[in-house]
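Single-letter residue listing:
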Amino acid sequence: MADSREPPPLFNDDKEDDNDDLFSSAVQSPVSEQTTTPEDQRSPEDPLTPPPPAASLTPEPHNPGTPPDLFESVAEGPVVVQGGSPKLSSVPLDLPAGGNGGEGKQQPTFFPTPLQEVSLEEEGDEPDIFDTMSSPKLQLNQDTSEPPVPPSSILPPMGAPLTPPVVPITPTATPSLTPNITPAAPTPVTPVAVARSSPEQAEGDGGDEFIQITVSDPQKIGDGMSSYMAYKVTTKTNVSYFRKKHWSVMRRFSDFLGLHRKLVEKHLHSGRVIPPAPEKSAIGTTKIKLGSDKNADSGSLDFIERRRAALERYMNRTSTHPTLRADPDFREFVELDAELPRATQTSALSSAGVLRLLNRVGETVNKMTFKMDESDQWFEERTQQIESLDAQLRKLHASMERLVNYRRELALSTAAFAKATAVLSSVEEHSSLSRALHQLSESTERTQTIHHAQADADFYVLSENTKDYIQLISAVKDVFHERVKTFQTWQHAQITLAKKREAKAKAELAGRMDKVQQAQEEVTEWEGKVERSQEEFERISRAIKKEMEQFDVMRVKDFRDMVIKYLEDLMTSQQQIIKVWETFIPEAKAIS
Amino acid sequence: MMDGMEDVLPSETNGTKSGRSDTVDLNDSTLQVDISDALSEREKVKFTVHTKTTLPDYAKPEFSVVRQHEEFIWLHDRFDENEDYAGYIIPPPPPRPDFDASREKLQKLGEGEGSMTKEEFSKMKQELEAEYLATFKKTVAMHEVFLTRLAQHTVFRNDHNFKVFLEYEQDLSVRTKNKKEKVEGLFKSFNKSTDEILLAATQKDVDDYFEREKTFLLEYHMAIKDATTKADKMTQAHKSVADSYIQLSSGLSQLGTIEGPRLEKFINKVADTFEKARKVEGRVSSDEDLKLSDTLRYYVRDGSAAKDLLYRRLRCLANYEQANKNLDRARAKNKDVHAPVDVADAELAQQNACEKFEHISNKAKEELNDLKARRVTAFKKNLIELAELELKHAKAQAQLLKSCLQSLPEE
Numbered sequence: 001m002a003d004s005r006e007p008p009p010l011f012n013d014d015k016e017d018d019n020d021d022l023f024s025s026a027v028q029s030p031v032s033e034q035t036t037t038p039e040d041q042r043s044p045e046d047p048l049t050p051p052p053p054a055a056s057l058t059p060e061p062h063n064p065g066t067p068p069d070l071f072e073s074v075a076e077g078p079v080v081v082q083g084g085s086p087k088l089s090s091v092p093l094d095l096p097a098g099g100n101g102g103e104g105k106q107q108p109t110f111f112p113t114p115l116q117e118v119s120l121e122e123e124g125d126e127p128d129i130f131d132t133m134s135s136p137k138l139q140l141n142q143d144t145s146e147p148p149v150p151p152s153s154i155l156p157p158m159g160a161p162l163t164p165p166v167v168p169i170t171p172t173a174t175p176s177l178t179p180n181i182t183p184a185a186p187t188p189v190t191p192v193a194v195a196r197s198s199p200e201q202a203e204g205d206g207g208d209e210f211i212q213i214t215v216s217d218p219q220k221i222g223d224g225m226s227s228y229m230a231y232k233v234t235t236k237t238n239v240s241y242f243r244k245k246h247w248s249v250m251r252r253f254s255d256f257l258g259l260h261r262k263l264v265e266k267h268l269h270s271g272r273v274i275p276p277a278p279e280k281s282a283i284g285t286t287k288i289k290l291g292s293d294k295n296a297d298s299g300s301l302d303f304i305e306r307r308r309a310a311l312e313r314y315m316n317r318t319s320t321h322p323t324l325r326a327d328p329d330f331r332e333f334v335e336l337d338a339e340l341p342r343a344t345q346t347s348a349l350s351s352a353g354v355l356r357l358l359n360r361v362g363e364t365v366n367k368m369t370f371k372m373d374e375s376d377q378w379f380e381e382r383t384q385q386i387e388s389l390d391a392q393l394r395k396l397h398a399s400m401e402r403l404v405n406y407r408r409e410l411a412l413s414t415a416a417f418a419k420a421t422a423v424l425s426s427v428e429e430h431s432s433l434s435r436a437l438h439q440l441s442e443s444t445e446r447t448q449t450i451h452h453a454q455a456d457a458d459f460y461v462l463s464e465n466t467k468d469y470i471q472l473i474s475a476v477k478d479v480f481h482e483r484v485k486t487f488q489t490w491q492h493a494q495i496t497l498a499k500k501r502e503a504k505a506k507a508e509l510a511g512r513m514d515k516v517q518q519a520q521e522e523v524t525e526w527e528g529k530v531e532r533s534q535e536e537f538e539r540i541s542r543a544i545k546k547e548m549e550q551f552d553v554m555r556v557k558d559f560r561d562m563v564i565k566y567l568e569d570l571m572t573s574q575q576q577i578i579k580v581w582e583t584f585i586p587e588a589k590a591i592s
Numbered sequence: 001m002m003d004g005m006e007d008v009l010p011s012e013t014n015g016t017k018s019g020r021s022d023t024v025d026l027n028d029s030t031l032q033v034d035i036s037d038a039l040s041e042r043e044k045v046k047f048t049v050h051t052k053t054t055l056p057d058y059a060k061p062e063f064s065v066v067r068q069h070e071e072f073i074w075l076h077d078r079f080d081e082n083e084d085y086a087g088y089i090i091p092p093p094p095p096r097p098d099f100d101a102s103r104e105k106l107q108k109l110g111e112g113e114g115s116m117t118k119e120e121f122s123k124m125k126q127e128l129e130a131e132y133l134a135t136f137k138k139t140v141a142m143h144e145v146f147l148t149r150l151a152q153h154t155v156f157r158n159d160h161n162f163k164v165f166l167e168y169e170q171d172l173s174v175r176t177k178n179k180k181e182k183v184e185g186l187f188k189s190f191n192k193s194t195d196e197i198l199l200a201a202t203q204k205d206v207d208d209y210f211e212r213e214k215t216f217l218l219e220y221h222m223a224i225k226d227a228t229t230k231a232d233k234m235t236q237a238h239k240s241v242a243d244s245y246i247q248l249s250s251g252l253s254q255l256g257t258i259e260g261p262r263l264e265k266f267i268n269k270v271a272d273t274f275e276k277a278r279k280v281e282g283r284v285s286s287d288e289d290l291k292l293s294d295t296l297r298y299y300v301r302d303g304s305a306a307k308d309l310l311y312r313r314l315r316c317l318a319n320y321e322q323a324n325k326n327l328d329r330a331r332a333k334n335k336d337v338h339a340p341v342d343v344a345d346a347e348l349a350q351q352n353a354c355e356k357f358e359h360i361s362n363k364a365k366e367e368l369n370d371l372k373a374r375r376v377t378a379f380k381k382n383l384i385e386l387a388e389l390e391l392k393h394a395k396a397q398a399q400l401l402k403s404c405l406q407s408l409p410e411e
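These protein sequence lines are chains A and B, in that order. Counted from 1, the first sequence has number 549 at position 549 by this note's numbering; the numbering is strictly sequential. Counted from 1, the second sequence has number 332 at position 332 by this note's numbering; the numbering is strictly sequential.
Just so you know, these hints were derived from the structure itself, not from any lab. Source: prediction; values computed, not measured. No residue lacks a Cβ here, since even glycine has one placed at the ideal position from N, Cα and C. No false leads were slipped in.
Chain A stretches covered by chain B per the calculated footprint, using a threshold of three residues with CB under 8 Å from any CB of chain B:
hint, segment
1, 392-399
2, 407-416
3, 569-581
Isolated chain A, as found in the complex:
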């Protein structure tokens, strides 16, 4: 039945929420939140009453307990987290009060930036704090009624400038912990995310948690085939359950992959979308392994840079998801000073790898063959939308890659031209023309640098992020598929139940009392299973709906941010080009 990890629906959460509430209310940073706290506290109490989130996903955030208005109003302005709660870091940035998802703690903290609520203690129910950037969907809070499954939080894909805009939200989280979360708002981090004040920060929750992860310093360790790239993972956080505020560890690529696998194993079937990890690339890795340190040619440097950026985005996405952040594996990954045990299963060539491959093939076949009887209109629509979004994004990504390539070509050819012009200018005997040509060569050289930088922006801002999105969407599809699987289980259980009943009836008819007894037991057993699997199915459906809401909001915001940033970059390039030509004109005019 439901994953054992989750507390039994509703009640456990509530209990935990209560804890949270206590703390959170104390901690309530945003003023408004304060008011809601008591309500929040109330809400956990009656988890059952609140309208099943499923019914109205959107208004989710408004838990019966929490007056929607509060949330809204809170969400509206950049909520300045006031130090109401000691935990809330008063990050002046507009951090949206992280919606504390969590049932229970619904502190409608609307910090613009995703506040992550930390309530690790409570076991993962982290409120679905989608803090990621503005995932205002408060719904988290609301879902007290929701099955314990913390809404699958979809982590903010776009880590904006890499760092999840984790706003230092002192999450009310860690309720269990003494609220000595220093409001140490890691201000430095904020700039990134904070900029976006998402009024709708639904995260609601007082977590002013803030966690920012940077991946840097790729280093090659070892030599030859057994060498590998290690990255420094630096974490800055004020989340209480971490031992320190700021530290770093060295991790290798397979460690990242191992983490991802573990998270998937643990959380996928509860309907959460796990951010996808960067892919393995045999070619790139081998190149690096075999190449010496000195001749790191631009090709492998590029590869390393891409990978580093991808890892950083991945880490930030994962950390913004409150549940995932609280996961012990994640914490160990981020905190443990020593080397992690080799995640052998992630190696492509191992037997585990082969097993995984087979599994995947099996799953794909399953996906294709089993046609679920979709009773829920919502899912029907969403699945379709996801599919078409996927296709369209892929196409868009392809055209973005083309743009990147062409622009890189442009940069190269401009550089070649600059050199040729320099030669020409040195040959030219007319002195002022020669000077002008020389200027032309320099101007072209400068434009080339601009083009090159723009190509990089094209790549990192547009293309890579779109790719990330495509991967996220496939993670979403995975989640949807999980639901289908649950449905399958349910159906299967129903069928078996029917069979058992039949068997029992037959046994009764035959008058075999002993068999009847046994059959009866089986029937009961299967009835229980049917019930549980149905519940599971419904639970995961609800969880997905919530996650999707968050996902949507986040997606939209990220997309906008990405495009805006790109346009700004483009504009800056053009302005630089303007300067270049402006300096050239007088030179050209000076030809006598």
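Once you have looked at the hints, place chain B on chain A.
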């Protein structure tokens, strides 16, 4: 198209290609030549050459004839082969009209039609058609420049072949060289280049000035050829960037429809901006092409013609020295009076060679200086125009992006 071309061409050609027109009084109506019309028929382009003249030799003061590219080449060859003009730089012939690249692209586009949306397809088609048109205009311009230079050259304009070219209403029946003649032509040019190399190696020039010029021209020619190829590549790349915006823009608009109301307006604005930006980029690319690449290209050819001139001179010098040697030998052999003919012959030959040589040398000096001046002026003009246009476009794009950014957050 014709009207547009008429507007465009005179200014283009007069300004850009032939620096000479800057210095010559354009109102000199003694002989004015232009291409008033051009038709593209399948493989061929037919130019309507229109002449206005006050010279008495011509039958009518104003007239037009239709000429094809081959006839231009014929005219050029007549000048080239004329020994009287050995001391002059012969204006380089216009390149063959080449629409192959455009045609290929159009074809590829047609093949890929299925994979893109209708609007994308029509936009790309429009782009290609504009490209085709631009190539067309360029080739007309180049033919016109060739004729204008001849018409304004004090000596060339009186050439008989030129007159025939301008006036003769029938087809000049210049058949393209058949295979044999092509092979002959090949041989000739091969011989010429080996000769050139030989001469360059062996013949010492008496005049320092020419020696310097030769070295200079050679170096310069290589450098400018290189620059032209690179410039071409650059403009091409620029154009590809502009074109790829089309797909980006249409991909975005499709995304907008899927996304639904939340993002749709936003996305559509962005897609629109990309569309406009692409047009600007496209113009940047074509202006670069026009001002930069074409100037460079033209001076490659002109430089080539100058090199030819120098070669001819050198050859003449070699001949002259040869004639001298012959004369000496003749004189040596014919100490006796019996064969004064040989000596006389040799003397005559030597005299001719001497005259020719001096004539060429003088003319060549003038021409080379002229070329220099022309080159400097043309470069100056084009570089200024290039810079101004680039500036204009960059400003336009920046403005476009700025307004887009301003309007976006409103949502």
